[in-house]
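**Q** If you want the building blocks of each chain, they are given just below.
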Amino acid sequence: MRPRVTLDGNEAAANVAYLASEVIAIYPITPASQMGELADQWAAQERPNIWGSVPRVVEMQSEGGAAGAVHGALQAGSLTTTFTASQGLLLMIPNMYKIAGELTPAVIHIAARSLATHALSIFCDHSDVMAARGTGFAMLFGNSVQEAADMALVAHTATLEARVPFLHIFDGFRTSHEVNTVELPLEEDVRALLGETRIQAHRGRALRPETPSIRGTAQNPDVFFQAREAINPYYAATAEIVQRSMDRLAERTGRQYHLFDYVGAPDAERVIVMMGSGAGAAEEAVERLNREGEKVGLVKVRLFRPFSVGHLLAALPATTKSIAVLDRTKEPGAPGEPLYLDVVSGLAKSFGEGASPFVGFPRVVGGRYGLSSKEFTPTMAKAVLDSLRDDPKHDFVVGINDDVGHTSLAYDPSWSTADSKTVRAVFFGLGSDGTVGANKNTVKIIGEETEFNAQGYFVYDSKKSGSMTVSHLRFGPRDIQSTYLIEQASFVACHQFGFVERVDVLERAEPKATFLLNSPWSKDEVWQHLPARMQRQILDKGLSMYVIDADGLADSIGMGRRINTIMQVCFFALSGVLPRDLAIERIKGAIKKSYGKRGEAVVLKNIEAVDAALSHLHEVDLSGFEVDGFLIPALIGDDAPAFVRDVTGPMMDNAGDSLPVSAMPIDGTFPVGTTRFEKRNIAHEIPVWDEDICIQCGKCVLVCPHSVIRAKILDPAKLSEAPPTFKTVKPRWRELADQAYSLQVAPEDCTGCSLCVEVCPVKNKAEPRFKALNMAPQEPLREAERANWDFFLKLPEVDRNLLDLQKVKDTQLLEPLFEFSGACAGCGETPYIKLATQLFGDRMIVANATGCSSIYGANLPTTPWTKNGAGRGPAWANSLFEDNAEFGLGMRLSIDKQSEYARELVARLAPDLGQDLADALLAADQATEAGITAQRERVEALRKALEPMGTPAARDLHALADSLVKKSVWIIGGDGWAYDIGYGGLDHVLASGENVNILVLDTEVYSNTGGQASKATPRGAVAKFAHNGKLMAKKDLGLIAMAYGGVYVARIAMGADDKQTVKAFLEAEAWEGPSLIIAYSHCIAHGYDLKYGLQQQELAVKSGHWPIFRYNPERAAAGENPMSLDSKAPTVPLEKYVYNETRYTMLVRSKPEAAKRLLAKATSDVSDRWRTYAFLASQAGAKVEGK
Amino acid sequence: MIDLTTRYLGLTLESPIVCSSSPMMQEIDNLRRMEDAGASAVVLHSLFEEQITLESQDLDRNLFHGTESYAEALSYFPEMESFEIGPEAYLEHVRKAKEALSIPVVASLNGISTGGWVDWARRIEAAGADAIELNTYFMPTDIEVSGSQLEEMYLELVRDVKGSVKIPVAVKLSPFFSSIPNFCASLDALGVDGLVMFNRFYQPDFDLERLEVVPRLTLSSPSELLMRLHWVAVLAGRIKADMAVTGGVHGATDVIKSMMAGAKVAMMTSALLEHGIDHLRTVRHELEQWLEANEYPSIALMQGSLSQRKVAEPAAFERANYMKVLRSGAWSRA
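First to last, the protein sequences are chains A and B.
Quick note on numbering: the first sequence equals residues 0 to 1186 in numbering that gives the first Met the number 0.
Quick note on numbering: the second sequence equals residues 0 to 333 in numbering that gives the first Met the number 0.
Isolated chain A (complex conformation) (with noise of 0.2 Å):
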């Protein structure tokens, strides 16, 4: 018998990956990256392959990359694997043509992704290896985290003797993140079915010295046909050799699986053929129908390439009359789906054969289902099988409504194969609760320790702050293959009293389900707080309600808002699938293996809290209670616009799944400025505006990343119709004196990161303790602060033109426009995107790189990018991950044709224009604010002016007169793409020569795909894939780029020094070539509370990890040194700034030894790179500008 372990998908594969290589080329993408990080981790443990040697787990800058290091070290002999998804397979694709043309036995593990089209999605569908299918690679699909571990398994046997290379597919998060307790197969297991034979003949095959031979010949019209077919044996050889490989596996282990596995009644008409985990939801449906006496069958594919018809057909009861294959990818202009073509052409060739075993040609139809995540039960899937019976329709969809093409397949939402038998759980968390930890370790305990099989399967949400996290577990004696969420609970926790209101939990509540609810309320004091809408559901559904005071228990214990622990208590003793003692002894235990190698204190912390619980647990007793609660007020007010209120309120409002297919734009393009409309509420506190002591430098305002905090300059006049407690005082202007200044806070979008609190500079004389912004708690001033912001916004801007953009406070009265994103709490980088769009924003046209950007950026349902009162503002798109350089050279390539073209028709058409407006317009300097008005003035006098001409050219010109005005292009992406992905590219922009501007958010990590290490993180920090502390230095990007000559470089740190950081940004958009501006931005990464951000990046600059510097070719021009070096030489020791972060301090309490070697390294990084910097400001005509 084989140990039950409960782990999820990812680590299913990857124990069978690292088993059997011995070399691991990685690159971290979503939802990929575990297997990535596992493998890393392993090593950095020196845990042996089955051979007793630790593999050579090697990072690499792209999935391209990493596919080249595959195939590289499969053809110097290695047994080689990678791991990857989505776009990440696609980079992959060259290689994987190569490396199957060949015949190198490999094996590729997929957590199977949607590729971005319309949109980026991380979720799962098969668009990514369905791209795939034409490499050579053999695909096998493993449809549950029990079939992750055995295919992956499977696949590394299969390779070895077939010689053709395979994708190891399974479903991304669906199956790569959902918890299950499956049989892990053993070292010996993997030993066994690899064999050492084929092992020896892959060796023998390597390229070596000893015995010459030559591999990727360029051939030529003789003989390229010939050979490419000489492949063929081993094709066909394929499928039986994965039968015999899966037979092997069952004689070790007992699970059987078949290239086609069948399930059903014998003698089914109605068929479904599918493959992936929608085939869990699908089986339970052809088991109830069965049940109830219909004649309905399901084929599971598990090997589609090379597609067997014979096994196929073998598999297929002879009764069937009609098929339905359902694929999981959409190929726009194809006659269907790649599963559905491959069937449809295989029972044709067998029936053209002689060789169908059926009594007439099948009715084959195609459907599609699952796109990005979309949800497929039970129901869905008995819609399908009951669309067979009479007049099936083909190309139709199932899961949404299209109620344009009029394809979607009706289904009832009430019909459920749910088991009485298995306990079903859902629980709504908050990100920052611990919710998630703790129901992972409560399915560890249950499928680890009882004899229940275990389930869970997380859902979170897009922001990444006060994200809300949705839990879904599954426990019972049966195994759980429900690949769907859980649409009855029988037991209900919702962990935020907040969502009460915001969130329709008890939705799912299935008749006489427990609620527990953390509540402020006592159990006689709680009805009254619920809104009417979740009343009416416990008393109709007949609800048990539970209460306890979580948070206050939490906050007496000392763990903060961390609820996990009492809440996993609570969920124990009122679910009763454990006894009460023996789940409080195995929590107890899982703490101590959970947090025991974080120390004592922590783990005595959590038990503190586990022995509380129960005694404030309490039943509320409903008995009289009846619906009188509060009516929720609507999420979107009548003022929003249209798309906004029918579209993205929906959205908001978690029921995005509704909306049809008439309400999506076609092409992926939205409306900007969504952010504001969603009040999400998540601060505790929020800063409260001292005026009496504020100097009003605007350092608050810069900094907020969230755009929370604005300042203006307004006339006094307009006061009179402020709210009471609206604030302002004298403006410290001199020209503006007679004005009135106002620092105002918007209350219900700020994220309470204090980081405005720590960099106000001031502090109150009598009581120091207090600065010119204090924080409170929000609740109470949320009535008026909100009316205040309301009014705030109706005020009219400050004129541009009446500023001085050199100076941070001046800068700081300018309109941002990026507002409200969904970064997290304290972010170190949209303050420099949102300082961008106050300078250029309403001429911007940003080309954004994949990665936490785009995802703050542009997630939906909201997007922070806004336009101005005269409705300009940034234009914003995201490409890919790898090409953004390209793609933002793209922009301005395209931008100066236009221009060029425009000033053309001008010119040609000056005489009908007039020659003075012409000449004003072909000569304008654009190099002032008011320069840039006044060309927008004739701008709109020469669309005037051409309306009455009627001409095709003068139609051109009318159509590209905005191009008249000066466009500021913006290349914004992470160190992970400008270091390492994209750097090629970057590369090349920044030697065109051409005028973009590249900002590089530098958090010298991998942020958005959680932390994996770059090329940008420095030496001695600890990330994922740097488990040891990286060991080589940071790259230095800024260096690089200066020894073009021709590009402006500046490497800011806003915390440093925020008047170089305007500084640079306004240099970088003046100088008319390439400019590359590298900006520190702290980050959740680094392990450290993000208000002490600014505080961090002094210390970066002054310990000389981070000098910061502008070297500016206009100077070179004009004989002067282009290099200003603008810190001083370090005045800190570099341990006085790393040991804050854990990034660093965790290798010091790991692996002190090397800490210290590092640390010494990294320090000695400092005093050379300073070195060369003080040269190279120290030349010849140097204008070295000190602090």
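These are calculated hints, taken from the structure and not from any lab test.
Where hints are given, some of them may not hold.
[Said to hold, decoys possible] Derived lysine-lysine pairs resembling BS3-like cross-links, with alpha carbons at most 27 Å apart:
#1 522/A <-> 511/A
#2 97/B <-> 1155/A
#3 793/A <-> 764/A
#4 1155/A <-> 165/B
#5 420/A <-> 511/A
#6 678/A <-> 1090/A
As the structure is a prediction and not an experimental result, all values here were calculated from the model.
Fit chain B to the supplied structure of chain A, relying on the hints for placement.
**A** The following block gives chain B in isolation, referenced to the frame of chain A:
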């Protein structure tokens, strides 16, 4: 041959020159150099329970923050096999110090909870320390807590620790007690093996530019020695516990004065930070020279010779303010 040996905490030491607790003690190499330069014992840096608790909670908070919130980044740091957090690293240091040195190693402990003091004292003993110095200070900032309540807290703590370990226990005291002799006698009655006089603390200083309170610890100066000499001299011969002078011991003269006041050892840190560890050689050399020049065959002979009980003018230790010493007073006593 001059006999420099002394007995402190039941241990025989080659000389009365001991290195007191400081961050220098974190490096085994420094400890070796101290031994080589003539230190007769070392007191290791303190194991701070509160700091370890805070570090543990801080690590947990930072590793937890942001996890399981956003689908693409369910965590931000790799899973490490283990962390050296908690007393283990300190205990390992004690073990290494014991391995590296032949002179006695005194561990120093600062706890915050009764459980912490007792449990960690036991673990220090198990790690092989020759003795424990309790680095005690309860800063009385609560106006509800009386002096006697505070003293009772100290006594309870010492009672608990003494009752749980077999190795000698010394208590490092602050000078801020209403009656130092009475309190020391109470500690003595509990069987404490040594009293270390006195602890030096970080003092809150003000940063006028930033309007902030800045903790400041400056190196000791020889002038601080006098207070120590005073109380050691007052107590010498009246309590059983061995006394150590710490704070203001910079040269051989200071060591001699400490001995004459009644201390068994004189502890140094600031002078070593200022002049380097080799300064110990100078002090020892000058000590020997002085003893030789003044014909003292042993340290033992001078210990307590200028204590209150042995001087001609015991009242000198009782005057707090300037008062003219009248010849008549001396005369009338005669």
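**Q** Broken hints, numbered, in rising order?
**A** Going through the list in order, the structure violates hints 3, 4 and respects the others.
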